[in-house]
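Residue numbers (my numbering): 1 to 66.
Don't take each hint at face value.
Claimed, not checked - Lysine-lysine pairs mimicking DSS-like chemistry, simulated, CA-CA at most 30 Å apart: (1) 45 <-> 7; (2) 45 <-> 26; (3) 7 <-> 26.
As the list claims (entries may be wrong) - Pairwise CB distance ranges, derived in the manner of DEER restraints: (4) 8 <-> 66: 14 to 20 Å; (5) 41 <-> 14: 26 to 32 Å; (6) 1 <-> 41: 30 to 36 Å; (7) 7 <-> 42: 41 to 47 Å; (8) 11 <-> 65: 18 to 24 Å; (9) 30 <-> 50: 26 to 32 Å; (10) 57 <-> 11: 33 to 39 Å.
Worth flagging that the hints you see were computed from the coordinates, not collected in a lab.
Computed from a prediction, not measured in an experiment: that's the story for all the values here.
Ideal Cβ positions, reconstructed from N, Cα and C, are used throughout, including at glycine.
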Amino acid sequence: MRRELEKAYLSLIEPTNFIQIFSTEKEFIDWLLLGSREDIECSLKAFEEAEEYRWCSVIQRVLREL
């Protein structure tokens with residue numbers, strides 16, 4: 001049971017899947033801004049590893065505007 005739960009969680013937080021919960025780019029940016037600069041940088045790394053470059057550019061823009 002625990003392994004199945006962990007697998008489901010990891011799938012949920014995979015950037016390719018996670019990004020689908022946001023209806024708009026603004027919703028994604030609002031979510032990013034809930035975190036610290038370090039949190040946003042960690043998100044950038046995860047999205048880079050997932051090759052979600054469109055969202056990487058959004059994250060980079062948010063970081064520049066902080």
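Verification of the hints:
1. 45 <-> 7: 21 Å, holds
2. 45 <-> 26: Judged against 30 Å, a Cα distance of about 20 Å means the pair holds.
3. 7 <-> 26: Holds. Residue 7 to residue 26 sits at ~29 Å (cutoff 30 Å).
4. 8 <-> 66: 14 to 20 Å: Because 33 Å falls outside the window, the suggested range is violated.
5. 41 <-> 14: 26 to 32 Å: Distance hint for residue 41, residue 14 is violated at roughly 18 Å.
6. 1 <-> 41: 30 to 36 Å: At roughly 34 Å between Cβ atoms, residue 41 and residue 1 fall inside 30 to 36 Å, so the hint holds.
7. 7 <-> 42: 41 to 47 Å: With Cβ atoms ~21 Å apart, the hint is violated.
8. 11 <-> 65: 18 to 24 Å: Given range 18 to 24 Å: violated, Cβ gap about 31 Å.
9. 30 <-> 50: 26 to 32 Å: 21 Å, violated
10. 57 <-> 11: 33 to 39 Å: Because 24 Å falls outside the window, the suggested range is violated.
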